[in-house]
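> Got chain D sorted already, so can you dock chains A and X onto it with the hints?
For reference, the chains in residue letters:
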Amino acid sequence: MRGARHRSGEWLITLPSLAWLGVFFVIPAALVVVTAFRPADLHGGVAAGWTLENIETLRDPAWLPILWRTLWLSAATTVVCVALALPVAFQMARVGPRLRQFLLLLVVVPFLSNFLIRIFAWKSLLHPEGVLTKVLVSLHLAPEDALLLNNAGAVLLVMIYTQLPFAILPLYAAAEKFDFHLLDAARDLGAGPCRAFMKVFVPGVRRGILSAVVMVFVCSLGQYVIPQFVGGASDEMLGNKIQQRVFADRNLPQASALAAALMAAVLLPMLVVAAWQRFGRKEGAA
Amino acid sequence: MKRSRVPALLTLGVIAFLFAPLVVLVVNSFNASRFGGEWDGFTWGWYEKLWEADEVWESLGVTLKIALSASLASMLLGTLAACALHGFRSWLQGVHSMLVTLPLVMPDILMGMSLLALFVVTGVETGLATIWIAHVTFCLSFVTMVVLGRLQDFDFTLLDAARDLGATRAQAVRKILLPLLLPGVLAGGLLAFTLSVDDYVITFFVSGPGTTTLPLRVASMMRTSRSLPVINALSTLLIAGTFLIAALSFRLQRRA
Amino acid sequence: MDDFLVIDRVSKSFGALRAVDGVSLSIRQGEAFSLLGPSGCGKTTLLRMLAGFETPDSGRILLGGKDVTGLLPEQRPVNTVFQNYALFPHLNVWENVAFGLRMSRRPREEIRSGVDRMLELVRLSEHARKRPAQLSGGQRQRVAIARALVNRPQVLLLDEPLAALDLKLRQHMLVELNAIHEQVGTTFIYVTHDQGEAMSLSDRIAVMNEGRVEQVDEPEALYETPRSGFVATFIGDANFFTGMPVELKHDGYLRVQVEGLGSPLVHGSGFVSSHEPVRIMIRPEKISLTLERPQSGERVNAFRGVVEDSVYFGSHARYHVRAGEHLVIAQLQRSRFSGGGIEPARGAVVWMSFHPDEGRVVRLEGAA
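Protein chains in written order, with numbering that gives the first Met the number 0: chain D, 0 to 285; chain A, 0 to 255; chain X, 0 to 367.
Here chain D stands alone, though its shape is the one from the complex (with noise of 0.2 angstroms):
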């Protein structure tokens, strides 16, 4: 029956989302790489005629620290992510489905709660009055005038924090498809639980791996509202300076150069992955 349906029917049904996503989402992402060349005007604008001097500026060294804390923070924040994620992605798909839902439930609710709330939440636990500052003083694990708040350790939590049901929620995808049987063949064949986990479990998820990681590691280098709450002034990231360009600066072109680095860093992962899982599955077939 699926062969009888017509052509015109595809595209009737395929153009609303295919053109709000053509003229939303590729038209400003391509416009975002043309502003990029273009010479910025007085009111915040852009200006016509073509230039090179956005893109020469981001050859400064100075962008290097900026860039490799972007990418340094992005890339702990995806290891601990996915390492905190594995064991509770296995033991989410071991349980019941009743108690399943309900960890699901627990995963999903701090994921979809307010994304400024969880940074404040973590700003007042920080606080030098707040709750964290207060029991590690009295616990004598801190010094009087301890400093949690403003500094990269507090950026790299709030990051963990708020990416980790990002990492969660593929590797449960994954897991919940696992056959746990593999587990206890893995055991009678006499590995113990940690290497059965190691060398069976985590191979056989490797797909959800792998998502969780692009998710994560993408969604972090974007990253600027968490520096901006909890982090200092050395803790900057470059989505920081691509809003500083745009709201502090008005400086369109420029801002658009740094993001369309920003877009080439997140495509280059994405086609890496894409084009190794082509590669192999083609591998696979053969």
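Treat the hints with care, as some may be off.
[As the list claims (entries may be wrong)] Chain X side only, calculated, beta carbon under 8 angstroms to chain A, not exhaustive:
(1) Gly99
(2) Ser103
(3) Asn150
Hints in this document: simulated from the structure, not taken from any laboratory. What you are looking at is a predicted structure, and each value in this text was computed from that prediction instead of being measured. Beta carbons: idealized from backbone N, C-alpha and C, even for Gly.
Positioned in the frame of chain D, the structure of chains A and X alone reads:
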């Protein structure tokens, strides 16, 4: 064979980590202490202050207006998109599928930035309409994914059965496909609604004068430490709302 | 009467695959008819063309003298019981059964009485308000049957109706389906891959293989006189021997020279040409095993062999007996009262014998 307790304990730890900040926040919304470092006694005071904060309720109005209209629009677009993606295998759907998935992994800042570039270049005044456009754009992909999942579970012989019993193709879609798809569409809509209410980064880029949504308001309150505990109270209410919507969405997806 | 539903040289291809290849059948009104064959034989495609879900590439389908080939599923007086039943999960039992009548806009009163009567027929009246998910497999099946029959179709199609049920329920539903068929008198067309199911459900069976009909016959005739090796092996087990015909007798029996077995006498029907080799088929249970050479007239075929293996099945036992290059399978009932009841051990020399009526000539091509 005895199962290791380690994953269970780690899971408990992670869930505690996820909830501890939120719990402290909720508790502190009833704490008379300004910074919440210690318990200074129970108070409704912050909620009373919140009640009097007109600008917060104004923002809530803006947010709800945008969230409702954006989730409705994305439900419509996303359901059509999911039907197209599920029903056809062609180069067109290959492109379509890529376009639908890319926004899911695009960092918010890039999406906000590029939409701002579009509005600046075309000379569109930023405001309610531009926020609505931005929200529909990022909600669309999420709704599509939820509905698509539902479609993949749908048994298409049910449509054959309906035709066999005398229903025309249109009747089969209306009487069988739509009612069975509806919970999925609603769940997608609820997700879109929460994402729209939640969004800060993209909204920040495309908002204009007089269109302060709730997250924008919260951000500006966070910068002025005078009203910090009021944010606790507001957050508590928002978390409760999120919990309700998530539970509702789970129920919808579990039925049938 | 005899040509109520006529399938006239119908073909259907999917890409390079010829799913149905020039099939012609004619089915009587009120008949219980089965399309039997292995998966991929084209039986399901044929059923979907009868229901209107597929259109034949060529050929016609006539129902009651009317050409229905081009009609959409909703326009045909044909209803289907789907393999997984395809009950609408959001409607309760009553609403499921009422669906077809509502689609054809029958008066409310007629719908009510029609549905109630049909639920009574399948004994589900007390479950009318339940959702399909709350029913057992057998109950779901009965809802599917009621939902189709309530529209008074001229033909009811049943796609693997018992495949989703467990063994015990299947045996119960066999009886039930026969009872329902008897009661409503509608033409039933079953599609199945299970020969036992087809044999016990149908008046006639069409055995299909690779898009073609191999043989159409009553169940007993299919078993006793299969016309091809495929039919013989698909319905039951069979021994095949190839040999040259040497003499066609006046009484219709055929003497065939088979290497290693001498020249047994077999039933001559199906024999065509005396110049080509023929294949003869003997069912394992038609072969008797004895330790002594049977007291034979000319009418009993007997030959010697050595028991290579035996397998015990409870109600019967099977022996693999080597006779020259042939490995013959013989099946013996395990009954104390069966006359020549022997239990030969491995390596024992035995005599195998069969009556000429039990040896049948089958087509050489389509060999199994």
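> Each of the hints needs a verdict: does it hold here or not?
Hints, verified against the model:
Checking glycine 99 of chain X against chain A by beta carbon gives a least distance of about 4 angstroms; that is within 8 angstroms, so the hint holds. The beta carbon of serine 103 of chain X is positioned within 8 angstroms of a beta carbon in chain A (closest approach about 5 angstroms), and the interface hint is therefore held. With 8 angstroms as the threshold, the beta carbon of asparagine 150 of chain X comes within range of chain A, its nearest partner Cβ sitting at about 7 angstroms, so the hint holds.
Comparing the model with each numbered hint stated earlier shows that all of them hold.
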